[in-house]
Every structure is written in C-alpha cells, then in structure tokens.
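Trainee: The residues making up each chain are set out below.
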Amino acid sequence: MTEVVRFENVGLRYGLGPEVLQDITFGLEAGSFHFLIGPSGAGKSSLLRLMYLAHRQTRGIISLFGQDTTSLPREKLPNIRRRIGVMFQDFRLLPHLSAFDNVALPLRVAGVRESEIKRHVEELLVWVALEDHMDVRPPTMSGGQQQRVAIARAVISRPKILYADEPTGNVDSRIAARLMHLFEELNKLGTTVVIATHNESIVNEFGRPVLRIDAGRLKTIPHEGTQGKSKESKLKIISNLLNQGEAS
Amino acid sequence: MRFNRTNLALEKDDTNRFLPWLIAFMALLAALSIAGLLMLKQISNVFEHNSQDTMTVQIPAGESPEVDEQNTIKAITALKKAEGVMTTTRVSNGEIRKLLQPWLGETAGSEAIPLPQIIDVKIDRASDLTAKRLTNLLTTIMPGTTVDDHSLWLTNLVDTLQSAELIALGIVFLITLATVGTVVFTTRTGMGIHRQTIEVLHFVGAHDEFIARQFAARAFIVGFQGGVGGILLAAPVLYAFEYVLKNLESGLLPKADLNSSIWIGVSSVVPVVAIIAMMTARSTVIKTLKKIV
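Chains as they are written, first to last, in our numbering: chain A, 1226 to 1473; chain B, 3 to 295.
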C-alpha cells in the first residue's frame, strides 16, 4: 500500500516558544482509518494542523501524497489542500452563506461549473438529510445540522484524506454514532480517515489503529493489527451509542 | 441566495461603510487639483503661444487724431521694412479703451482722453531683432515711441504658472498616496475581520489570487462609489469657480473656462481611483497572505 502521509522527525514550535511537537515520525497508508488521541494540550490539534498544511513544521520532513511539502512553493499548496477534507471541532461554517453555498465552497474555489456544483451539492445534502435546509444559514441551524453541513463540505470534493478534529465533542452520542458511521462509509470508499478525539470509549469500541500523542511526542505508532473489527461488532457499537443517545 | 459567489461578506464590514466617504473626499480634492492644473495649463499655453513672439509698439498720443493716424501709418511702414518683423497688427482705439477700463473705469470710454497708438508686432525670434533695435528705429521717426518685449516678463510669468502646475501635480500625487494608504489600512483591517473565513478558504484549497480577487472587486466598487461621490461634490465648486472667473474684469487674465477637456480630466478621477483602490487591495492581500502558510 502507498503512504499518503509521511512524517520524518518533525518538530513544531510557535514563534520562539518551546517545541510543541518533537521528533514525530509515522506514516499513514492510503485507505487507512486512524484515531489520534491524547490528553488536552498534548499536541493533537497542532499535529492535525501540520497534516492539513495550516502550519509549516520547524524541522523534519512532511510528505503528502508522495510529495515532500517542506520545500514546496506556496502556490502549489492549494492543489494538495484540495485533496484533503477537514472537519473542524467548531465546524467553521461561513455564517453569511447558506448550507448549500457552504458545501459548494470547495468546488467553487476549484472552479467547477455551477451546473455540476448544483448536482453534487444537492446530492450530498440529501445524503446528510439536509435537503430541506439548503437555503438555511448556519446560525439558524442546530448543532447536529451544522455538523452535517461541515462534513458535507469536507467531503464534497471527494478528498483522499479526511481529518476530523473532535467530531463527537459537541454532540450527543446518537449523532456521534451517526457521524462515525459516515466516516466508516467514506473510509470504505477509499478515503484515508484520521479522527482526533479525546473520547477513548469510541476509540476502544471501534478498534481502529491509534496515534497516541503525549507532551508533543508520539507514543503509539499506528499499525494495522487492530484494524477491521467484524461488521457485527461495529453495528453493536453504533446500536449502543444510539441507545445511549435516546436514553439521554 | 443559492448561487451566491461572495465568500467573504465584505460589503457588511464597518470599514467599507466609511471608506467610500474617505475616498469621496480625496476624489473631491483630486478633482479640484486636476481642474486647477488644467486651467493653469490653459492660461500658460495662451501666454506662451500667443505672446511669446510679440512686441508691442506704443506711440505717444499726438495733437489730433489725424496726427495719430499719420504717425501710426509711418510706424507700420517702417516696421514692415525691418528685418525680423513678420506681421503688424494695429490695435483699435476701441480695444485700447477696453483694455484701460479695469484701471480707468468709465472714464476710459471718454473721447476727451488722449490715447497712445498701439501696434502688435509679431517677430521672428530666430532673427537678431531686439526691442532696443526696434526702439532706435522708431524713435528716429517719432520721438517718445516705446517698444515692449513681452518675452521678458512672460518668461517669469510662465515659470510661475508652471511652478503652480507642479504644485497641483504634487497635490494629486499626495492624494494618490493617501488613497493608497487608506485602502491598505482598510484592506488589512478587513483581512483581520475575516481571518477565519480566509483560513477556511485556504483549507478548501483557495489560491491567494481567489481571495485577493474578492477584496479587489470590493475595493473597485468602493473606489468607484467614492470617486463618483467626489465628482458630484466637486462639480458645484468648479461651476462656482468658473462663474467667478467669467466675472473677473477682462484683460487681467487670458480666458480660462471649464471646457470639455477639463471635465474629461476631472471625470477620469472616478475610474483612476477605482483602479488604484482595486490594485492596492489586491497587492495588500497577496502580500499579507504570504505571511500566512
């Protein structure tokens, strides 16, 4: 399998501060599914920011899709970013745009024709059960609806990698389960998925390989050994989560 | 709303509310400076082209109109024979009275006042004809005749007018700098306000040019609005100025009015301001984004 992400002795510091990430080395294979876990302040978000090119590392090498991004000129970065979908903890939807326009954003940025945008966005909004909310703006939507808009935006351009930062952090367990199901579906379609979370119960129950980060250092290097729990096991987990959500 | 392409709601920014007024004020100043510059140019052109090659011969008033007539004919005959004289034009008594009116008032129209005879002489500057030589020639025929070479005082006057033109040009340049500075400041403020949106656009793969285009388009609209506002404010001021100029006593200055070339010059402020605002916003965004990953 080819690696879509490769970190070699990567370090990161903000300004003149201490190194928040130290000697990070790992690789993610195409089509893999990983959880990124660690206590608050451990460096999960910083690591994710490096992975979706929001920051440049202060040392080491980061390769994405086989390309060394360290020396890549600035104008080449958007083409790599277009192959990455990011779902933020706070969704980062544009409040002045409708759900439709938020989801359409990556396609418009890429210069896709409006007729195609309309077809793809409507299809995706139906998939996330928001077909009746296309013209609604995020501030008037519930948290769960906003989250679905955010995930639709993250996947509209069919990214090769999907990063989600604490996707289950602000939602009840029913929505969390539904969301995890969506991520699994995307992963089945070949998308490499990385989910940063502090919810260790989901991590344990889903049994996917883990990147554990603590005090800026990677403690667990991902491996494929725990990957691929049985379908029945996954359905049981989702069912449990749904029941928890209904009970609450 | 479904196909709204404006990803940054820039039109809702507070900075964009006051920016058109600032630009309108600068466009007003620019329009007035340009109008002043072009009018000064008109005046200096009249001085330069109509009077640089002329001398004025003044023959003192004689005992009677008949004597004046004879003296003038003698002078014109002598002038026509002189080397370097191209044409001679006799200034009529009516014109002389009109020229004297600003100084003498209604008295200038009185027949009782003896008037000197005036001849405008167009000369070839390439020849070695000077006012002194012409004076020597004419005083042998009619003592007391004087010759005034306009080039002597006109050179100083044209220099002064050209200095004033340079000052007007300098003011236009300073206004341009102030406009650029204002647009840079408001664009940076706008980028600060929309930082999160810009980040999102970056994450979804937007090139810097895509983001810069949105700021540039907004700056163009604001610049255009401000420019039109400035011209609308400048128009009554310019009309009032033209009214004052038209009512100045004739003879003091050559005619200068708000002709079509001045209005074209003043109107050009609108697209120029809009384009300057657009280009400044674009380059500010590109430069600022380069500091972000």
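Treat each hint with caution, since some may be false.
A partial selection of chain B residues facing chain A, derived with a Cβ cut-off under 10 Å [stated by the list, open to error]: (1) K14; (2) Q72; (3) R135; (4) T137; (5) L139; (6) V160; (7) T191; (8) G194; (9) L203; (10) F205; (11) G207; (12) F222; (13) T290.
Straight-line C-alpha distance at most 25 Å; calculated PhoX-like pairs for lysine-lysine [stated by the list, open to error]: (14) A:K1301 - B:K100; (15) B:K293 - B:K100; (16) B:K292 - A:K1301; (17) B:K248 - A:K1301.
Hints listed in this document are in silico derivations from the structure and should not be mistaken for laboratory results.
Each residue gets a CB set at the ideal place from its N, CA and C atoms; glycine is no exception.
Trainee: Compare the structure with each hint and give your call.
Mentor: We went through each hint and held it up to the structure:
1. Interface restraint check for K14 (chain B): the shortest CB-CB distance to chain A comes to about 7 Å, inside 10 Å, so the restraint holds.
2. Hint on Q72 (chain B) is violated. Least Cβ distance to chain A is approximately 89 Å, over the 10 Å limit.
3. With a least beta-carbon distance of about 74 Å to chain A, the hint placing R135 (chain B) at the interface is violated under the 10 Å criterion.
4. Violation of the interface hint for T137 (chain B) is found here, the shortest Cβ-Cβ separation to chain A being roughly 77 Å, above the 10 Å cut-off.
5. The beta carbon of L139 (chain B) is not positioned within 10 Å of any beta carbon in chain A (closest approach about 79 Å), and the interface hint is therefore violated.
6. Interface restraint check for V160 (chain B): the shortest CB-CB distance to chain A comes to about 54 Å, outside 10 Å, so the restraint is violated.
7. With 10 Å as the threshold, the beta carbon of T191 (chain B) stays out of range of chain A, its nearest partner Cβ sitting at about 18 Å, so the hint is violated.
8. Interface hint at G194 (chain B): violated, since its Cβ lies 16 Å from the closest Cβ of chain A, which is beyond the 10 Å cut-off.
9. The interface hint given for L203 (chain B) is met, as the beta carbon of that residue sits about 7 Å from the closest beta carbon of chain A, less than 10 Å.
10. Against a cut-off of 10 Å between C-beta atoms, the interface hint on F205 (chain B) holds, since the closest Cβ of chain A lies about 5 Å away.
11. Nearest Cβ of chain A to the Cβ of G207 (chain B): about 3 Å, under the 10 Å cut. The hint holds.
12. A cut of 10 Å between beta carbons decides the hint on F222 (chain B): the least distance to chain A is about 20 Å, and the hint is violated.
13. The restraint placing T290 (chain B) at the interface with chain A is violated, with a minimum CB-CB distance near 13 Å, outside the 10 Å limit.
14. Simply put, K1301 (chain A) and K100 (chain B) have alpha-carbon atoms about 77 Å apart, too far for the 25 Å limit, and the pair is violated.
15. Our distance criterion of 25 Å between C-alpha atoms is broken by K293 (chain B) and K100 (chain B), whose separation comes to about 70 Å.
16. This hinted pair checks out: K292 (chain B) and K1301 (chain A) have alpha carbons roughly 13 Å apart, not beyond 25 Å.
17. With a CA separation close to 64 Å, the supplied pair K248 (chain B) and K1301 (chain A) exceeds the 25 Å bound.
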